[in-house]
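Undergrad: Using the numbering used here, the letters of the sequence shown correspond one by one to residues 146 to 496.
Keep in mind that the hints are not guaranteed to be accurate.
Think about it this way: if two alpha-carbon atoms lie no more than 30 Å apart in a straight line, the pair counts; the simulated DSBU-like pairs of lysine-lysine are [to be verified]: (1) LYS191 to LYS269; (2) LYS302 to LYS191; (3) LYS381 to LYS326; (4) LYS326 to LYS243; (5) LYS302 to LYS364; (6) LYS301 to LYS364; (7) LYS270 to LYS165; (8) LYS381 to LYS364; (9) LYS326 to LYS301; (10) LYS301 to LYS191; (11) LYS243 to LYS191; (12) LYS381 to LYS270; (13) LYS191 to LYS364; (14) LYS243 to LYS302; (15) LYS373 to LYS326; (16) LYS243 to LYS364; (17) LYS326 to LYS165; (18) LYS269 to LYS301; (19) LYS381 to LYS301; (20) LYS330 to LYS165; (21) LYS302 to LYS270; (22) LYS330 to LYS302; (23) LYS243 to LYS373; (24) LYS270 to LYS364; (25) LYS381 to LYS330; (26) LYS243 to LYS269; (27) LYS270 to LYS301; (28) LYS381 to LYS165.
Hints were generated in silico from the structure; no laboratory data involved. These figures come from a predicted structure and were not determined experimentally.
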Amino acid sequence: MYELEYPAPAINAEGAPQDKGPTLIVALHGYADAGQAIEASADHLKAALNNRLVATFDADELIDYRSRRPATTVSGDNPIEIENLDLDMRAVWDVSGKPFLLLSGPEPDLRWQGFSRAVTDLVKKFNVEDTIMVYAAPTPSPHTRPLVVSAHGNSKKLVDRMFRFDQSMMVPGSAQLFIEKELAKQGRNVAGYTAHVPHYLASSPYPQAIYSLLDSVSKVVGLDLPLKSIASDIEKVAEQLEEQVMDSEEIQGVVAQLEEQYDSYVERYRNENPQAILPGEPTVPSGEEISEEFEKFLDALGNEDSWKELLLNQDLNDQEESVIEETTDSTGPDVDSPDENGAGGGNTPGQ
Numbered sequence: 146m147y148e149l150e151y152p153a154p155a156i157n158a159e160g161a162p163q164d165k166g167p168t169l170i171v172a173l174h175g176y177a178d179a180g181q182a183i184e185a186s187a188d189h190l191k192a193a194l195n196n197r198l199v200a201t202f203d204a205d206e207l208i209d210y211r212s213r214r215p216a217t218t219v220s221g222d223n224p225i226e227i228e229n230l231d232l233d234m235r236a237v238w239d240v241s242g243k244p245f246l247l248l249s250g251p252e253p254d255l256r257w258q259g260f261s262r263a264v265t266d267l268v269k270k271f272n273v274e275d276t277i278m279v280y281a282a283p284t285p286s287p288h289t290r291p292l293v294v295s296a297h298g299n300s301k302k303l304v305d306r307m308f309r310f311d312q313s314m315m316v317p318g319s320a321q322l323f324i325e326k327e328l329a330k331q332g333r334n335v336a337g338y339t340a341h342v343p344h345y346l347a348s349s350p351y352p353q354a355i356y357s358l359l360d361s362v363s364k365v366v367g368l369d370l371p372l373k374s375i376a377s378d379i380e381k382v383a384e385q386l387e388e389q390v391m392d393s394e395e396i397q398g399v400v401a402q403l404e405e406q407y408d409s410y411v412e413r414y415r416n417e418n419p420q421a422i423l424p425g426e427p428t429v430p431s432g433e434e435i436s437e438e439f440e441k442f443l444d445a446l447g448n449e450d451s452w453k454e455l456l457l458n459q460d461l462n463d464q465e466e467s468v469i470e471e472t473t474d475s476t477g478p479d480v481d482s483p484d485e486n487g488a489g490g491g492n493t494p495g496q
């Protein structure tokens, strides 16, 4: 069903623990691809980052050419180009050089169960730590509010602080959902992230959905993904949408209704899930993340001499601060003290 590249590229990050493998991002277009966000996300990563082929799936086994009718260019008497229907897995290196895997291409038409088992075999072979499926669905949400990315999955660290639906729902099946089920059955960490695209923009390219999906992935699994060029596209599309809305009172009324529904739902969700990071709010490190960073810091100290040097420097700093405090108490403060409450306060949602 698939063929591995030889020699295979080195995928584990340099200096990373042997038991901690790469992340796998799965972006198969053809299902739940509102705003063309899934295909565009994969294309952006492959165009912007260094990558190498790891495995190629047999399109003749998995793709129904008759139903897809790949576009073919005929020049003169001969067909010279046929639309690319490649389905493959690639090793990709983020901006900082950290590797991850990307499975992308058209969703298979055939043999979903066999395909899911094959992907699971590759997950085991490359010791994948976390697998994230990306989706994009049309929803009754306004483009004037922060785009929602909801999460589902079996791993607390992948979904815990993201927007989630607690109720059960029935949705059309997909190859990615089959992969999720197979990975969960094998006890692997797997999650799905869904961008909620305004339904009236579902058939057009919507860069905000691309940005929000990749931004969510990067924050959760610690990848440094290039998003600046997408941000500039977001501004252009926002300006075009604003012009269209201003030209139609009917559209303004529809958007206003969607805004009211959105605000009501988000407020209710905030009350029910006070620890969640809501759309448009900055990500705050969890206690587990802070603990992990502290452990890395301690590991970086190295040996006993480093500890002694650190403690000696800390003692000197404490003595200097003590002298400064005594001087300040006798002469009075020269500047205003910062607000005890810090810069806290409510976060203003933004795109």
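Undergrad: Against each hint, give a clear statement of whether it holds in the structure.
TA: For each hint, the structure was consulted:
1. LYS191 to LYS269: At roughly 23 Å apart (the allowed maximum being 30 Å), LYS269 and LYS191 satisfy the hint.
2. LYS302 to LYS191: holds (26 Å)
3. LYS381 to LYS326: Outside the cut-off at roughly 39 Å; violated.
4. LYS326 to LYS243: holds (28 Å)
5. LYS302 to LYS364: Holds - the C-alpha atoms of LYS364 and LYS302 are around 11 Å apart, at most 30 Å.
6. LYS301 to LYS364: holds (15 Å)
7. LYS270 to LYS165: Measuring from Cα to Cα gives roughly 13 Å; hence the hint holds.
8. LYS381 to LYS364: holds (25 Å)
9. LYS326 to LYS301: holds (16 Å)
10. LYS301 to LYS191: holds (29 Å)
11. LYS243 to LYS191: holds (15 Å)
12. LYS381 to LYS270: violated (43 Å)
13. LYS191 to LYS364: holds (19 Å)
14. LYS243 to LYS302: holds (19 Å)
15. LYS373 to LYS326: Violated, at roughly 34 Å.
16. LYS243 to LYS364: Within the cut-off at roughly 14 Å; holds.
17. LYS326 to LYS165: Holds - the C-alpha atoms of LYS165 and LYS326 are around 22 Å apart, at most 30 Å.
18. LYS269 to LYS301: With Cα atoms ~20 Å apart, LYS269 and LYS301 stay inside 30 Å; holds.
19. LYS381 to LYS301: violated (36 Å)
20. LYS330 to LYS165: holds (20 Å)
21. LYS302 to LYS270: holds (23 Å)
22. LYS330 to LYS302: holds (18 Å)
23. LYS243 to LYS373: holds (19 Å)
24. LYS270 to LYS364: Within the cut-off at roughly 25 Å; holds.
25. LYS381 to LYS330: violated (44 Å)
26. LYS243 to LYS269: Status holds; Cα separation ~19 Å.
27. LYS270 to LYS301: holds (24 Å)
28. LYS381 to LYS165: Answer violated: LYS381 to LYS165 is near 40 Å, above 30 Å.
Violated hints, listed in ascending order, are 3, 12, 15, 19, 25 and 28; each of the other numbered hints is respected by the structure.
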